[in-house]
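Got chain A sorted already, so can you dock chain B onto it with the hints?
Chains as they are written, first to last, in this note's numbering: chain A, 321 to 409; chain B, 65 to 305.
These aren't lab readings, by the way, just hints derived from the structure by calculation. Treat the hints with care, since some could be wrong.
Said to hold, decoys possible - Just so you have them, the derived chain B footprint on chain A, three or more residues with Cβ under 8 Å:
no., region
1, 343-353
2, 379-387
Said to hold, decoys possible - Computed beta-carbon distance windows for the label pairs:
no., chain 1, residue 1, chain 2, residue 2, range
3, B, P247, A, R404, 44 to 50 Å
4, B, P261, A, G355, 28 to 34 Å
5, A, C354, B, R77, 42 to 48 Å
6, B, R293, A, S392, 38 to 44 Å
7, A, I339, B, A171, 28 to 34 Å
8, B, T257, A, D368, 37 to 43 Å
9, A, R404, B, A137, 41 to 47 Å
Claimed, not checked - Chain B is nowhere near these chain A residues, computed Cβ spacing over 12 Å in every case:
no., residue
10, S337
11, D391
12, G408
Since the structure is predicted, the reported quantities are computational estimates derived from the model, not experimental observations. Positions of the beta carbon are idealized from the N, C-alpha and C atoms, including for glycine.
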Amino acid sequence: MREPEHVDANVLAGPLSEILSVDLTTAERHCAVCGAEGVFAELHVVADGPGWVASCPRCRTLVLRLVRTADSLWLDLGGSGTVRIRTGP
Amino acid sequence: MVAWRPATLVAGRWESDSARTLVLDVPDWPGHRAGQHVDVRLTAEDGYTAERSYSIASAQDGDHIELTVQRVAEGEVSPYLVDVFAPGDRVEVRGPLGGWFVWDAKAPDPVVLVGGGSGIAPLTAMVRERRRVGSPALFRVLYSVRTPQDRLYRGDLGSPSDGGVDLFVAYTRRAPDGATRGPGRLGVAEVNTHGFPADVAPTCYVCGPTGFVETMADALVALGHDPRRVRTERFGSGGGT
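Isolated chain A, as found in the complex:
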């Protein structure tokens, strides 16, 4: 089976704004599995039915799942790394 084509996690800026007050897409990210350093926006995202699945661009570890239902947004942060959101200059 052909893998569905991924996009960048930039696309999650809108949906994540429904639950977070900061723009997570610009946060720095460290992968706990492969050690990759980067930016959240660089995660690979596959739109999967009613939701999105984001994974590490280097090791493909699942980082986040976001699913919308009629009355809720489900967020699975899974683990597998840290994000750093800068609050000052």
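Below, chain B alone, put in the same frame as chain A:
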């Protein structure tokens, strides 16, 4: 939460046979940075909704934003926005969104823009914003597109009045009559020739279908560009490279 706002179509402008620019009026638009996108929501009479993300193609301009929509055959949203959506009609937009794939209009660094198909839209916003603010940053634009008829923003992108912006167009399926370059994909050697060398540390922005972006980002890194200075925006399949 970034609020959904009503947006009214002010005017439509054909860019090609299959792509149309929508000029939307969004009251109290907070302004945007070049490269950002919006989510667009359509609601049918029965309450069914569909959402899509589109890059903003215009520079900052008060309450107006411009989105270029490429018709995707059998798409659910784009045929409506390209062929049916008329002046006075409304959609909802949420934005501006995304703080990563943006050009800082105050940055003096040289810039390489690589766009495939309708991936040229957010890159055109960067060129237009550069013009608006009178930035001296040097831009080199590489644009991969199928045929001369598919080319977007003719007469604007690559305008001779834009001093400091060089445009190279790679036609992949059919070249214009008399062109010295035959049709073919944008290659590493062309990215080398028409981009900036890695030593001048340009910021690179690559946007287009996923396969195109992967190839071009790899080419830039192979040419010695720091991967941290290569920003990408993939939009999946299609889009006319």
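Consistency of the hints with the structure:
1. Only residues whose C-beta sits within less than 8 Å of a C-beta in chain B count toward coverage, and the region 343-353 of chain A has 3 of them, enough to reach three; the restraint holds.
2. Closer than 8 Å: that is the beta-carbon criterion, and the region 379-387 of chain A has 0 residues meeting it against chain B, so the requirement of 3 is violated.
3. Distance hint check for P247 (chain B) and R404 (chain A): the Cβ-Cβ separation is about 46 Å, which falls inside the suggested range of 44 to 50 Å.
4. Checked against the hint of 28 to 34 Å, the C-beta distance between P261 (chain B) and G355 (chain A) comes to roughly 30 Å, which is consistent with it.
5. As the Cβ distance of C354 (chain A) to R77 (chain B) is approximately 46 Å, the hint placing it in 42 to 48 Å holds.
6. Checking the proposed 38 to 44 Å range against R293 (chain B) and S392 (chain A) shows it holds: the Cβ atoms sit about 39 Å from each other.
7. At about 31 Å, the CB distance of I339 (chain A) to A171 (chain B) agrees with the hint of 28 to 34 Å.
8. The given range of 37 to 43 Å is respected by T257 (chain B) and D368 (chain A), whose C-beta atoms sit roughly 40 Å from each other.
9. Separation of R404 (chain A) from A137 (chain B) is about 42 Å and conforms to the stated range, judged on CB atoms against 41 to 47 Å.
10. Not every CB of chain B is more than 12 Å from the CB of S337 (chain A) (nearest about 4 Å), against its label as outside the interface.
11. D391 (chain A), annotated as away from the interface, keeps every beta carbon of chain B farther than 12 Å; the closest lies near 14 Å.
12. No beta-carbon of chain B is positioned within 12 Å of the beta-carbon of G408 (chain A); the least distance is around 16 Å.
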